[in-house]
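Asker: Residue numbers (our numbering), protein chains in the order written: chain A, 37 to 442; chain B, 37 to 442.
The reader is advised that the hints may include incorrect statements.
When chains are identical, the list treats them as one kind, so a pair holds in a single copy or across two.
Simulated pairs of lysine-lysine, DSBU-like, Cα-Cα distance not exceeding 35 Å [what the hints assert, rightly or not]:
id	residue 1	residue 2
1	LYS52	LYS217
2	LYS282	LYS259
3	LYS439	LYS205
4	LYS439	LYS169
5	LYS205	LYS52
6	LYS251	LYS282
7	LYS217	LYS282
8	LYS205	LYS367
9	LYS169	LYS282
10	LYS136	LYS367
11	LYS439	LYS52
12	LYS439	LYS282
13	LYS52	LYS259
14	LYS367	LYS217
15	LYS217	LYS439
16	LYS180	LYS282
17	LYS217	LYS136
18	LYS251	LYS439
19	LYS217	LYS205
20	LYS169	LYS52
21	LYS367	LYS204
22	LYS367	LYS221
23	LYS439	LYS204
24	LYS52	LYS180
These aren't lab readings, by the way, just hints derived from the structure by calculation.
2 protein chains.
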Amino acid sequence: MDLNVLSSLAVENETKVVLVVMDGLGGLAGPEGRTSLEAAHTPNLNALARSGICGFHDPLAPGITPGSGPAHIGLFGYDPFDYLIGRGVLDTAGTPFVFKPGDMASRLNFATLAADGTISDRRAGRIPDQEGKRVTALLAENIKEIEGVQVLLQHVKEYRAAAIFRGKKLDGRLCDSDPQKIGLKPLEVAPIQQNPTSEAEEGARLANSFIARAKEVLAGEAKANFIMMRGFDIYDPLPNFCELYKWRACAVAAYPMYKGVAKLAGMRVIEEGQATVEEEFDLVERELPSTDFLFLHIKKADSMGEDGNFQGKVEVIEHFDRLLPRLVDLKPTVLCITGDHSTPCSLASHSWHPVPICIAAETARVDSCQTFGETSFLTGGLGRIHSTDVLPLLLAHAERLMKYGA
Amino acid sequence: MDLNVLSSLAVENETKVVLVVMDGLGGLAGPEGRTSLEAAHTPNLNALARSGICGFHDPLAPGITPGSGPAHIGLFGYDPFDYLIGRGVLDTAGTPFVFKPGDMASRLNFATLAADGTISDRRAGRIPDQEGKRVTALLAENIKEIEGVQVLLQHVKEYRAAAIFRGKKLDGRLCDSDPQKIGLKPLEVAPIQQNPTSEAEEGARLANSFIARAKEVLAGEAKANFIMMRGFDIYDPLPNFCELYKWRACAVAAYPMYKGVAKLAGMRVIEEGQATVEEEFDLVERELPSTDFLFLHIKKADSMGEDGNFQGKVEVIEHFDRLLPRLVDLKPTVLCITGDHSTPCSLASHSWHPVPICIAAETARVDSCQTFGETSFLTGGLGRIHSTDVLPLLLAHAERLMKYGA
């Protein structure tokens, strides 16, 4: 759906839309032939399925496994192939850093360089937050610009930080310096494309200078004596989600990356608290009255999937199910529960499998699904849609779209 | 599907295809948990469902509610986003008026202007046909051209008419002059786009001059003393439906707008009679021998939906079901029954919900649907297709398409 056309149909009204993304929600059958979602005791999710329309969405395309960025970008209605956001921009957006259009951002991992010039620890012994902050500040103090280009440092978490280059037109299509394995030498940053632009060549030169300067500055450190750069990208603002759909949008998420992707879309992001799912629900209850669209991100289903912890994923889902009545009691006009992608425990990673989705609303054409799960949803009324169709459907069920044409 | 590719595969044969569009066919569950279509007693539609392949089509895109124009354009195989037809052209096409490419058409509503310059009645007291014809003729007599551009007037129905500007390249991307509420002053016609073309500026100037002249001409009228313009568009012929698919196509419809959209596609439109559904069936029986593709439009299901009249919609469907054997007895090679969009009684308006469709043909891969309805069709063999896939499927089931490639 063309964003301009969709936006031209959007109207304001008094409805509330809540989109819950349970990260990595979909799965594959476990030991007893049921997925985590099917094995979990979920009376409240089942009730929701009975009152709504169910089915699946494909995050990107059949067979294509999404990263978290594109998966969320799709759910927010943007074509994830048109709006690919590099890790550097995504992670930085999850921090308080304020981008300017044209900034080139890169993730920056503190690492340990051995005497022979090879990487002996890609995470600098997983230095804690405080240590990461200290070495980031050390870099910031000593490297303020390179060849007239401003260099900005932002700590992210533990051994992870970001470097932002500002003030010159650059091209972020650059390879990582991280060799991905220990015992190897770091790579030179270089343009990815065969016939690179001069802006990419300049970006690579600046990045390599920065790495050399950082090595000098960090020389006295025991663990974090080196940095590796990855996920270069230029910050280019997304069409603003609030302006496109003429509504107030708010994001409640516990992890920086999901705050980041919501912020990139122009949503108001709640920065405080929310270490637990209960705290996230508290914030939803507090924020919903003053917003029209609320995005709630629940992380742990994915984490358990990534760990291959079938029972752990069951428990995360059951925990959410017990809290769900708090959401239902808020009586949003539209309540949608889905994932950004599947994370089957048997694969212990993100996967390409379509993601279960349920849209509960009075305007939904209710289907005959009785339970919330992958097998049940195969006969759901939504069928199998694309992730980018989710947002238009949420708007439609909230009666926030005019008809197209006479 | 690319129209040129599809057309290149089309072959002539002796088959007959009948496409019945029951306007606004799909719905939402009513008081007893069933839609109008499910609540209706439809033994003949059920028999058809058992002999065909069933499912849903999305008129435009998930979540997008179509106007009648785009909804039909899609069923006729044209991409409704590529071929958006403005109300001015659509309504005029439903009259005997013969367009020339490049004509700029606008709907024209007779209205009552109060002494203070505000609109006191947007429909001039709903003046009857005869009165509408008289004032249209009065305008036509007195305004034949403006600044060398020919002005043609066409009465449509009651207080509705159309104005067509001919003889100069114009751009129809203009806003309406109708303020949409009584007690407000009429708006100036102006280009919609921020950086309008000079052709749009000229179109706006001509339209405003026309409005001023019409006000003088109508000054002596008690009710219809003013006109408002809306739905400006340039007539740009669609690729011809008969030439594309090498068949004779014919339309039977009771309402001007549906005749109009068929005429714009290049179908032969039966202008006479057809006030009742029985009369429409009479015409289908008369015309089918001399046509290959017959489009039959049944209006009242939508009207009842728009009125929120659940039982009324049930009765329209049951009435059609009783007549259906007359169609089946004509033994068309392919008989497809669907709607252009859903019109749930609970919303009392067009909606975005997918539309039930059944294609009955000897070449159909018959599925296990036993009844004709929204819930039953969820397990239908067609699944959920796009409206623009309907026409290729009708051609295919009539064996009118060659294979693609060797």
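Asker: Within a copy, between copies, both or neither: which one fits LYS439 and LYS282 at a CA-CA cutoff of 35 Å?
Answerer: both (16 Å within a copy, 33 Å between copies)
Asker: Could you place LYS136 and LYS367 in one of the four classes (within, between, both, neither) given a Cα distance threshold of 35 Å?
Answerer: neither (38 Å within a copy, 54 Å between copies)
Asker: Could you place LYS439 and LYS169 in one of the four classes (within, between, both, neither) given a Cα distance threshold of 35 Å?
Answerer: Only across copies: LYS439 and LYS169 sit 31 Å apart there, 52 Å inside one copy, limit 35 Å.
Asker: Pop the pair LYS251 and LYS282 into one bin, within, between, both or neither, using alpha-carbon distances up to 35 Å.
Answerer: neither (48 Å within a copy, 38 Å between copies)
Asker: Evaluate LYS251 and LYS439 at a C-alpha cut-off of 35 Å and name the case that applies: within, between, both or neither.
Answerer: between (59 Å within a copy, 32 Å between copies)
Asker: Given a CA cutoff of 35 Å, do LYS439 and LYS52 count as a within-copy pair, a between-copy pair, both, or neither?
Answerer: both (20 Å within a copy, 33 Å between copies)
Asker: Between the shortest in-copy and the shortest cross-copy C-alpha distance, which are at most 35 Å for LYS217 and LYS282: within, between, both, or neither?
Answerer: between (47 Å within a copy, 23 Å between copies)
Asker: From the Cα coordinates, with 35 Å as the cut-off, is the pair LYS169 and LYS52 best called within, between, both, or neither?
Answerer: Neither. Shortest intra-copy (39 Å) and inter-copy (48 Å) distances fail the 35 Å Cα cut-off.
Asker: Is it within a copy, between copies, both, or neither that the alpha carbon of LYS217 lies no farther than 35 Å from that of LYS205?
Answerer: Within one copy only: 32 Å inside, 51 Å across.
Asker: Is it within a copy, between copies, both, or neither that the alpha carbon of LYS205 lies no farther than 35 Å from that of LYS52?
Answerer: neither (41 Å within a copy, 46 Å between copies)
Asker: Is the C-alpha distance from LYS282 to LYS259 at most 35 Å within one copy, between copies, in both cases, or in neither?
Answerer: neither (49 Å within a copy, 39 Å between copies)
Asker: Evaluate LYS180 and LYS282 at a C-alpha cut-off of 35 Å and name the case that applies: within, between, both or neither.
Answerer: neither (40 Å within a copy, 44 Å between copies)
Hint check: violations occur at hints 2, 5, 6, 8, 9, 10, 13, 16, 20, 21, 22 and 24; the rest are consistent with the structure.
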